[in-house]
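*Asks:* Use the sequences and the hints to build the structure in full.
Chain residues, written in single-letter form:
2 protein chains.
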Amino acid sequence: MINKLALIGVGLIGGSLARALRDAGHVREVIGYGRGLANLQRAVELGVVDRIETSLSAAVRDADMVVLATPVGSMADILGAIAPYLAKDAVVTDVGSVKGTIASAARAALGDKLAGFVPGHPIAGTERTGVESSFSSLFAGRRVVLTPLPETRPEAAARVRAMWQAAGAEVVNMSVEHHDTVLAATSHLPHLLAYALVDMLARLDDSREIFAYAAGGFRDFTRIASSDPVMWRDISLANRDAIGNMLKKYRAELDGLIKAVASGDGAKLETLFARAKAARDALVTNDQKQ
Amino acid sequence: MINKLALIGVGLIGGSLARALRDAGHVREVIGYGRGLANLQRAVELGVVDRIETSLSAAVRDADMVVLATPVGSMADILGAIAPYLAKDAVVTDVGSVKGTIASAARAALGDKLAGFVPGHPIAGTERTGVESSFSSLFAGRRVVLTPLPETRPEAAARVRAMWQAAGAEVVNMSVEHHDTVLAATSHLPHLLAYALVDMLARLDDSREIFAYAAGGFRDFTRIASSDPVMWRDISLANRDAIGNMLKKYRAELDGLIKAVASGDGAKLETLFARAKAARDALVTNDQKQ
Chain A
2 MINKLALIGV
12 GLIGGSLARA
22 LRDAGHVREV
32 IGYGRGLANL
42 QRAVELGVVD
52 RIETSLSAAV
62 RDADMVVLAT
72 PVGSMADILG
82 AIAPYLAKDA
92 VVTDVGSVKG
102 TIASAARAAL
112 GDKLAGFVPG
122 HPIAGTERTG
132 VESSFSSLFA
142 GRRVVLTPLP
152 ETRPEAAARV
162 RAMWQAAGAE
172 VVNMSVEHHD
182 TVLAATSHLP
192 HLLAYALVDM
202 LARLDDSREI
212 FAYAAGGFRD
222 FTRIASSDPV
232 MWRDISLANR
242 DAIGNMLKKY
252 RAELDGLIKA
262 VASGDGAKLE
272 TLFARAKAAR
282 DALVTNDQKQ
Chain B
2 MINKLALIGV
12 GLIGGSLARA
22 LRDAGHVREV
32 IGYGRGLANL
42 QRAVELGVVD
52 RIETSLSAAV
62 RDADMVVLAT
72 PVGSMADILG
82 AIAPYLAKDA
92 VVTDVGSVKG
102 TIASAARAAL
112 GDKLAGFVPG
122 HPIAGTERTG
132 VESSFSSLFA
142 GRRVVLTPLP
152 ETRPEAAARV
162 RAMWQAAGAE
172 VVNMSVEHHD
182 TVLAATSHLP
192 HLLAYALVDM
202 LARLDDSREI
212 FAYAAGGFRD
222 FTRIASSDPV
232 MWRDISLANR
242 DAIGNMLKKY
252 RAELDGLIKA
262 VASGDGAKLE
272 TLFARAKAAR
282 DALVTNDQKQ
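First to last, the protein sequences are chains A and B. Read in order, the letters of the first sequence correspond to residues 2 to 291 in our numbering. Read in order, the letters of the second sequence correspond to residues 2 to 291 in our numbering.
The set of hints was computed from the structure by calculation and includes no laboratory data.
One copy or any two copies: either way a pair holds, since identical chains are not told apart in the list.
Think about it this way: if two alpha-carbon atoms lie no more than 25 Å apart in a straight line, the pair counts; the simulated SDA-like pairs of lysine to any residue are:
#1 K260 / P72
#2 K89 / R52
#3 K89 / L115
#4 K89 / M2
#5 K269 / L238
#6 K260 / N246
#7 K5 / L115
#8 K89 / D51
#9 K250 / G267
#10 K269 / D206
*Replies:* Next comes the structure, spelled out in structure tokens:
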């Protein structure tokens, strides 16, 4: 049970977490802080937060749980700003899609409060943003990865785990480095590939007509290219080593494909497509088993 | 109104067309031909076709409309096999995703029946196959591209147009070459990119764990990698010039992205992502206007 939750960033993720914790009776009071006043006021109207604060120091004062649900690029500054005002036993966690840079920022900023910091990442979301798009079941049945640091005290990790479980999520632990590699593969790389495709087509002379013939497959494939550009710029920069590594592996795969198409190597193409289909179909089967 | 429709290939596309034409009262009799006897028998049970024929010559005899709904790679052989048996005024069309190779095959195979041939391509489908997955509304509101040849007689094109309109589709005309370029961009390239991503990840050492963290964005992005490998091998070979061209443009785009990530060029990344998001969002807006 959380007595006072300080929610730094009340958007899709933060708002959905607050809604879920309220529904579960897992929180007594929710304080909202964010940069957009209109969004914060809407959060009060919607009952997502009890009240708002306009300074970080006031928002985190006396909070036993602080959740940073802001863009990855803003987290280092926020950690520095809240550090002096955190309660002695406050637990701090975040929802960033990259854990390495945030762990480094926490080590630099939090001093003797570092033991209360539990890096986290809910593997959930939509391409929409803002408290208006938040909903309490966003995390139901979804995975949340926690990457406790060697310095993290076990009780802090247990409290963050209990919070996400109350929100309906399945919580797993992972090392910071492993998280960033896995997410580079399954999330960051696909987003960059989708952005690259839409951008490439948008810059063609006849792009307007080309988009007019986009069917369902194209729409599914490019849906993630509607994601927030600033958020993805931040992620790309924060996880640049792992993403760069995956992009290069993908380019090598693409070069193989280009060669097979150019030489008309039907056997190679069929083998590659069949292997991919088997892996993709297995994904669906595993889901259905769960 | 079609008197006798010879449906060569009774799968998702062919089956859905037959269902739609029956619902619209636009066809009197549907004859099914295909390679899989179990699938054909199921088509009779489902009422998708009236009866089946086990030879191409019998299937097309006396048909006033012949629709080839088989994989792209099989169409040249089929055109050659049916040519001697086509009725004098028979109209022949196909549903292949590539039009250049099929137009060439028709020119080589059809002789004086070429004037009755109207290459076509319904921009619709799912990743499923077989008559079991067919449904009559598959083409409702979807585009069908016809690419009549200079040799095609206008009455033949008009009959194919009327058939697709009866199935609920919006019919547009395009040149063969332009069709193949547009489809390479919006359909063939995305399929190859999705196959490449899933194949690349499936070949990583920790692929099993990586796929376990695939979220909704990844699932949408890779759905088309569950498509039929033989069908996409055929398409890749049949449209290899246009696809090769698009793959190379994409590689150039990817090289720019790799460079921007490696150098930490946040401004370039944000510009690219924002441009892509604007183009993708416009796609949704245009749909909603329709």
